[in-house]
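Undergrad: Chain by chain, the residues:
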Amino acid sequence: MISVPELSLVVLVGVSGSGKSTFARRHFKPTQVISSDFCRGLVADDENDQAATPAAFDLLHHIVGVRLARGLFTVVDATNVQYAARKSLIDLARRHDVLADAIVLDVPEEVAIERNAARPDRDFGPGVVIRQRKDLRRSLAKIANDGFRRVHVLRGLEEIEAATITYEKAWSDKTELTGPFDIIGDVHGCRSELETLLRELGWEGLRHPEGRTAVFVGDLVDRGPDTPGVLRLVMDMVEAGTAICVSGNHEQKLVRALNGRKVKVAHGLQESLDQLAAQPPEFVERARAFMDGLLSHYRLDGGRLVVAHAGLKEEYHGRASGRVRSFALYGDTTGETDEYGLPVRYPWADEYRGRAMVVYGHTPTTRPEWVNNTICLDTGVVFGGHLTALRYPERQLVQVPAEKVWYEPVKPLAEAGGRDPGMLDINDVIGTRHVETRFGSRVKIMEQNAAAALEVMSRFAVDPRWLVYLPPTMAPPETSRLDGYLEHPHEAFEEFAAAGVREVVCEEKHMGSRAVAVLCRTPEVAAARFGVDDGSTGALYTRTGRPFFADTAPLVERLREACAPLWAELGSDWVVLDCELLPWSAKAGELIRSQYASVGAAARASLPEAVAALEAAAGRGLGVSELIDRTRRRSQNAALFRDAYARYCWPVDGLEGIRVAPFQILACEGRATALEPHAWHLSTLALLDSPLITQTRHVFVTLDSPESRAAATAWWESMTADGGEGMVVKPASHVPGRVQPGVKVRGREYLRIIYGPDYTESLDVLRRRFLGKKRSLALREYVLGLEALSRLADGEAGWRVHEPVFAVLALESEPVDPRL
Amino acid sequence: MLLTITTTARPATDLGFLLHKHPERVQEFSQSFGTATVFYPEAGEERCTAALMLEVDPIALVRSRGKGSPDFSLSQYVNDRPYAASSLLAVALADVFRTARAGRCKARPELPGTPLPLELRLPALPCRGGPELARRLFEPLGWEVDARPVPLDEGFPEWGESRYVGLTLRGDVRLSDALNHLYVLLPVLDDGKHYWVAPDEVDKLIRAGEGWLGGHPERGLITRRYLGRRWALARTALARLAELGDETEEELEPAVEEDAPADVTAADEAAAAEAEAAAETATDAAAEATAEATAEATAEAAEAAAQEQATGSRSEPESDPEPESDPEPESDPESERSQVKAKSKSLSALRREAILAKLEELGAVSVIDLGCGQGELVGALLSRPRFAKVGGMDVSPMALTIAARKLRLERMPDAKRARLTLFQGALTYTDKRLSGYDAAVLMEVIEHVDPPRLDALERVVFGRAKPRHVLVTTPNIEYNVRYEFLTGLRHPDHRFEWTRAEFAGWATRVAARYGYQVAFAPVGDDDPEVGPPTQMGVFTRDQRS
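Those protein sequences? They're chains A and B, same order as listed.
Residues 1 to 820 (the UniProt record's numbering) are what the first sequence spells out, left to right.
Residues 1 to 545 (the UniProt record's numbering) are what the second sequence spells out, left to right.
Fair warning: there could be bad hints in the mix.
[Claimed, not checked] With a Cα cut of at most 20 Å, we get these calculated SDA-like pairs of lysine to any residue:
no.: 1; chain 1: B; residue 1: K466; chain 2: A; residue 2: P343
no.: 2; chain 1: B; residue 1: K432; chain 2: A; residue 2: K169
no.: 3; chain 1: A; residue 1: K169; chain 2: A; residue 2: E6
no.: 4; chain 1: B; residue 1: K432; chain 2: A; residue 2: E6
no.: 5; chain 1: B; residue 1: K432; chain 2: A; residue 2: E314
no.: 6; chain 1: B; residue 1: K432; chain 2: A; residue 2: G354
no.: 7; chain 1: B; residue 1: K466; chain 2: A; residue 2: T334
no.: 8; chain 1: B; residue 1: K432; chain 2: A; residue 2: L276
no.: 9; chain 1: A; residue 1: K411; chain 2: B; residue 2: R513
no.: 10; chain 1: B; residue 1: K466; chain 2: A; residue 2: D573
[What the hints assert, rightly or not] For the chain A half of the interface with chain B, some residues (derived, Cβ under 7 Å), not all of them:
no.: 11; residue: S598
no.: 12; residue: A601
no.: 13; residue: A616
no.: 14; residue: L622
no.: 15; residue: G623
no.: 16; residue: S625
no.: 17; residue: G756
[Said to hold, decoys possible] Ranges between beta-carbon positions, derived for each pair:
no.: 18; chain 1: A; residue 1: R630; chain 2: B; residue 2: A107; range: 46 to 56 Å
no.: 19; chain 1: B; residue 1: E144; chain 2: A; residue 2: E761; range: 34 to 44 Å
no.: 20; chain 1: B; residue 1: F496; chain 2: A; residue 2: R367; range: 56 to 66 Å
no.: 21; chain 1: B; residue 1: T35; chain 2: A; residue 2: D643; range: 49 to 59 Å
no.: 22; chain 1: B; residue 1: P528; chain 2: A; residue 2: E669; range: 40 to 50 Å
no.: 23; chain 1: B; residue 1: K106; chain 2: A; residue 2: Q448; range: 28 to 38 Å
no.: 24; chain 1: B; residue 1: G363; chain 2: A; residue 2: P409; range: 49 to 59 Å
no.: 25; chain 1: A; residue 1: D534; chain 2: B; residue 2: E529; range: 30 to 40 Å
What the hints contain is simulated information worked out from the structure, not anything from laboratory work.
None of these values were measured; they are calculated from a predicted model.
Built from N, CA and C at the ideal position, the CB exists for glycine as well.
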């Protein structure tokens, strides 16, 4: 029976003809076995071309390396009878922090020679086998020192035949433990505070009535007043099966001191040694053995939680090597020392992008802070700070204060906020990406779209910490066949009815500029929840993430005041709102003047002169009557066009005249409220009573009622007859799946702004428009938006929120008919 | 859109012969973008008026647009082409009055050579540069110019005037000349040709400008604008104009280089920059208002950025009297000599030299140019073997494409290519690829970053990439008073420009926070009163950190 680690590199050793490939075939999956013959074939079209051997091994090492990096169990099928060959594979395993085992197949020489002779593709003589066997014999004497975790030697055909393979879990693998857990930060001999904290957490003696498990992040010992008391309690809990514990660097050093090794007595080690000296020797031995046996990290709860004393980067989760252990105990350092002579720690957590939550201690800070789904629980209780526990999976922090300053710190505790959870990495956004969403689909982002978005995002967008959402594009309904119309409510109602939607809401389109408002009750909330500590309390940005106006702070301020009723109503100190900012001219003034008004000006300057010239020609009897009619009609269209844009322009003086029409509450603490029914949004937003706020007129429509449909259609017609933009039709409640979250039905006059003054003259041509791409984009962007809001509401790391938001912008760089 | 041509020559109806269009008929001419109609509102002995009316089908216009069309308003669906006298009218005019424009008239062979009392009327002429520019362009050609601005919208008087003028030209001019004047100057005033300029545009310009363009005081501006401001073509055309004989069929130079123009006056630059700014503003606004147009906005932002890069020298309101054919001239060993030489160099070249000199002085072997644009500095670094490893990063894919082309990446020898890494990135995202260089250069970059985002840039460059040296250059706003035609900042995309004190304050704070020492150096003419046009900060990391 051969036992190998679940994640390891298994190196088969044996002469040509010893039956390695047969053995591998019997015991392992074909994809797990990488053979040198196979690689030689790939690089030479001939499995026996010895000249290709160096290239074949390059390839073999590459494949094995990629598999190990991806955490895959791998078997190497090559003779490996020479030390150098085995050494290079052991090094490869170490580079990927996995263990290596060897399985030696030791068959009699004549068996190997006979087997080779029977194979027509192995036309080398017995000399090769004899030479290899000589190498193997030499190797067997000292293979135990090669650096394998274990060497399994199978002697003779019978042993080989009888062998079975079993797998050992990694020591760090406690994925079967699902908690709930109370994870406790560095205790450092503060027994009394630990007892208080456990009581606070609801523990009764060594057990929690709800069956919770305590997890200690290490550094139980040193500095504090009662290291033996802490050890006793923790050992009892571990023995009772109600706690697990990882080693801290202080346990590590204390064990070495107790083992009689020469260590520098500093950093509170003396206190532990003195306190233990007063204990009976049996206790000291029990403590020594306990600490000596502690592992450096655990994976818990199906791999969703990782606990290590100094944290652990993702590549090291579940791995085993000296440097993994060193990272877990001491953390990552830059190799430099600070002005206190202490090692400068590398901010690995800033770069952490793993899905597992990593909980650790080691670095005392004033308060625990989430950084990319990692958290440090060392709040320096021994230095007079707090002892902190994290309830998992609740993500709730419980703290008790130190009873006194037990030990003077060498340097002041790190200020929380010194790290930057808002820092984004280029690898969060570039390249072809697949963004996972919890709404049933994975959205692919093409590399070139990401590249375009990167430029727009980094040159023009607001601070990404505020940029928690970008609204999706919205498609129109199928093109209307009604005379004179391009869009009409009928098609929208039909579309949703066909999708099985019973009720829709029709909301007036305000025709301003789309705006997303992020509002915090106080600057402190902004700092705590969004990591923005410049005193600002929110942001207001456009649908491409650009700020409205040079300084939006005064408007944010006023909007925050206007939205004050929401704090109590939502039970949240912050809120994200989807709005329309009015008038259109406030933001789009330059566009209106340079494009719309210009077109109007040119039309109204030239068409009347054209009419006059044509009339003069007609007066001379020339046949221009058709041209006159057409030109007069165009002249009227130009006037209608001018009225269509002018209705959305009014003078704005500073903030006077600006209005905001919020129509959806996107998210607040703990809730992605975008998923709530529209009736809730509209009624909650109706609480806002301020001259700044414009309410959104709306009607609910029961789709199987013709009267209800007719009423809404009449409402739309009255709104749009004099140029109103139109309405948005949305399912009254969130519908999962491939149903549009809303379609816009724009008014006939308004569409002159989109399709040009004379569009009504060429409706038949314009009806041939293609909506498929727009509708597909709308769905994908909608899902991404919801995902961003859900991640935000769940308190996920900044980069996790940024990822889908960035993806929306990337999708928006897809070319699509801009008139849709 | 409408053009009327009136003459009071007697008999005025000779106009019909000259135009080859019968005064008693209404004639239609199909164009790719619509229909041109010629008719005569009046046709008397004393006064005869021909009208050319062009009906543009905006939908057909959009559908026929080719890729890479530089005229962004064409890609918009709501545009002024159906109403304004733009390059489309010029094209229609050239087609409909082809014979007249060539100065041929079989029926009255003596007529084309004779100046006639003419009145041309364009009710809505797009005119970037205003009525003043219309006068500057037409008056030297013998026209009496009546150019009246058209108000944008009577309902919003505060919006002021539109970019159109109602133009009336009166003068004794040969009809063929009059038509050629319009053919060339309509697109020039519009400043946006409707199709991408092809090399044969140079020939077209030379043919249409024969006899009048060579001596026109504004020929530089006319040529550049007509050719869509493609510098290389403009320069070729200018050179050829200067030696203009009758041979117009010469082989055209393959124009690929995009160096700065040879002789550009500051006023031209100001006008060009202004037009550029207007286009950019409009683009930005478009992105905001037409929600669904973001796709284009993104593309246009990229284009705008590339243009900005492509026309980097234009961001400085200075002329570059001596374009460098070799982007990297031999460096001068003596500073006095380079001072003397500096007088004749563009600021961007001076900046590049200052940075190269500083990098050599610091002994940097590996250098990354953050915000490398079209790769001028990268090219200069590569041409010096002492820089063993050269990085170039920019946020604009368009700029990187141009850089790759200008550096001839595809044809670069392996040894040189191996020294270079060129990639897209943004300075507000941490990026491992930025690490491992002795020096990083931020040449005219920080002023393109919103002040609240500078913090992120500092962390990325000084906190994470942590090169031993960081060279930062940025405009010194105090020097702006020395630019005669400058209003506001030096470039529309500049988010700020700093005084020397502001720059020093920022640099000192950053240096203190991230463990660097910083020294300052002037770039360009160090004015005793307002300092140099460009200021440079040289950061060096403390040994211990």
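Undergrad: If a hint holds in the structure, say so; if it does not, say that too.
TA: Consistency of the hints with the structure:
| no. | hint | verdict |
| --- | --- | --- |
| 1 | B:K466 with A:P343 | holds (18 Å) |
| 2 | B:K432 with A:K169 | violated (34 Å) |
| 3 | A:K169 with A:E6 | holds (5 Å) |
| 4 | B:K432 with A:E6 | violated (32 Å) |
| 5 | B:K432 with A:E314 | holds (17 Å) |
| 6 | B:K432 with A:G354 | holds (17 Å) |
| 7 | B:K466 with A:T334 | holds (12 Å) |
| 8 | B:K432 with A:L276 | violated (47 Å) |
| 9 | A:K411 with B:R513 | holds (18 Å) |
| 10 | B:K466 with A:D573 | violated (38 Å) |
| 11 | S598 | holds (5 Å) |
| 12 | A601 | holds (4 Å) |
| 13 | A616 | holds (4 Å) |
| 14 | L622 | holds (5 Å) |
| 15 | G623 | holds (6 Å) |
| 16 | S625 | violated (10 Å) |
| 17 | G756 | holds (5 Å) |
| 18 | A:R630 with B:A107: 46 to 56 Å | violated (33 Å) |
| 19 | B:E144 with A:E761: 34 to 44 Å | holds (39 Å) |
| 20 | B:F496 with A:R367: 56 to 66 Å | violated (35 Å) |
| 21 | B:T35 with A:D643: 49 to 59 Å | violated (28 Å) |
| 22 | B:P528 with A:E669: 40 to 50 Å | violated (59 Å) |
| 23 | B:K106 with A:Q448: 28 to 38 Å | violated (57 Å) |
| 24 | B:G363 with A:P409: 49 to 59 Å | violated (41 Å) |
| 25 | A:D534 with B:E529: 30 to 40 Å | holds (35 Å) |
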